[in-house]
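Fit chain B to the given chain A structure using the hints.
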Amino acid sequence: EDKVVQSPLSLVVHEGDTVTLNCSYEVTNFRSLLWYKQEKKAPTFLFMLTSSGIEKKSGRLSSILDKKELSSILNITATQTGDSAIYLCAVRNNNNDMRFGAGTRLTVKP
Amino acid sequence: GAVVSQHPSWVICKSGTSVKIECRSLDFQATTMFWYRQFPKQSLMLMATSNEGSKATYEQGVEKDKFLINHASLTLSTLTVTSAHPEDSSFYICSAPRDRDLEQYFGPGTRLTVT
Numbered sequence: 716e717d718k719v720v721q722s723p724l725s726l727v728v729h730e731g732d733t734v735t736l737n738c739s740y741e742v743t744n745f746r747s748l749l750w751y752k753q754e755k756k757a758p759t760f761l762f763m764l765t766s767s768g769i770e771k772k773s774g775r776l777s778s779i780l781d782k783k784e785l786s787s788i789l790n791i792t793a794t795q796t797g798d799s800a801i802y803l804c805a806v807r808n809n810n811n812d813m814r815f816g817a818g819t820r821l822t823v824k825p
Numbered sequence: 004g005a006v007v008s009q010h011p012s013w014v015i016c017k018s019g020t021s022v023k024i025e026c027r028s029l030d031f032q033a034t035t036m037f038w039y040r041q042f043p044k045q046s047l048m049l050m051a052t053s054n055e056g057s058k059a060t061y062e063q064g065v066e067k068d069k070f071l072i073n074h075a076s077l078t079l080s081t082l083t084v085t086s087a088h089p090e091d092s093s094f095y096i097c098s099a100p101r102d103r104d105l106e107q108y109f110g111p112g113t114r115l116t117v118t
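Taken in order, these protein sequences are the chains called A and B. Residues in the first sequence are numbered from 716 upward in steps of one, following our numbering. Residues in the second sequence are numbered from 4 upward in steps of one, following our numbering.
Isolated chain A, as found in the complex (with noise of 0.2 Å):
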């Protein structure tokens, strides 16, 4: 069965600091791996990984996907209290099916 993990399911930072959060996944027909913002409503689109060893950036938020070792890493520098919620990594396979993983709450506090 499909399977997505992620760690630390919790985190608790001060602003200023520099995180790094992992999915991990096991899934069938591997298309694409994707990370996703959730406060309070439905997630926002972060990144989309498709390739090995190519970092995607926007702002203080980058992810790279490793496909060897089947996990993917957000890593935020600088992080704001804006930055506080959760975040969902999620895998798509060749049907266009998409299995999240449990998501990683992050708390930035001021």
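Hint data in this document are derived by calculation from the structure and do not stem from the laboratory. A few of these clues could be false.
Stated by the list, open to error - Simulated restraints on C-beta separations:
1. B:86 x A:768: 45 to 53 Å
2. B:63 x A:722: 34 to 42 Å
3. A:724 x B:62: 19 to 27 Å
4. A:727 x B:43: 17 to 25 Å
5. A:741 x B:64: 17 to 25 Å
6. B:64 x A:722: 32 to 40 Å
7. B:18 x A:808: 31 to 39 Å
8. A:768 x B:18: 51 to 59 Å
9. A:716 x B:43: 18 to 26 Å
10. B:116 x A:716: 30 to 38 Å
11. A:810 x B:66: 17 to 25 Å
12. A:744 x B:30: 45 to 53 Å
13. B:18 x A:782: 27 to 35 Å
14. A:744 x B:67: 21 to 29 Å
Every residue gets a Cβ at the ideal spot worked out from N, C-alpha and C, and that includes glycine.
Just chain B, lined up with the frame of chain A:
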């Protein structure tokens, strides 16, 4: 970017009644839409894949007679929770891919409370 809407955003209903939730892709056509539910403090769980012009594909453990899905057109999918019970109370989210190679676009979600 692409926009997906859901209606209603919040609904309260009594046990035993049915509730219909609509998911619309506003500026693109979607032959496939996905329905998820999310319990408090938990991740999204895929319930079913809605296919325009054919039957929906349900995930294991999801009752197809209870959660009726109709993909009426290329821009509209509906989820009807029939004979709702308090344990059906949840946050229901739909998503649609605009293209097989692009990310999913999520609707804002519908909070269902069954009393």
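To see whether the hints hold, each was checked on the structure:
1. B:86 x A:768: 45 to 53 Å: Between residue 86 of chain B and residue 768 of chain A, where Cβ atoms are some 51 Å apart, the hint holds.
2. B:63 x A:722: 34 to 42 Å: Given range 34 to 42 Å: violated, Cβ gap about 25 Å.
3. A:724 x B:62: 19 to 27 Å: holds (23 Å)
4. A:727 x B:43: 17 to 25 Å: This hint holds: roughly 20 Å between Cβ atoms.
5. A:741 x B:64: 17 to 25 Å: holds (19 Å)
6. B:64 x A:722: 32 to 40 Å: violated (25 Å)
7. B:18 x A:808: 31 to 39 Å: holds (37 Å)
8. A:768 x B:18: 51 to 59 Å: Holds, since residue 768 of chain A and residue 18 of chain B (Cβ atoms, about 53 Å apart) stay within the stated range.
9. A:716 x B:43: 18 to 26 Å: holds (24 Å)
10. B:116 x A:716: 30 to 38 Å: holds (31 Å)
11. A:810 x B:66: 17 to 25 Å: Holds, at about 22 Å.
12. A:744 x B:30: 45 to 53 Å: Given about 30 Å between the Cβ atoms, the range is violated.
13. B:18 x A:782: 27 to 35 Å: violated (48 Å)
14. A:744 x B:67: 21 to 29 Å: Holds, at about 24 Å.
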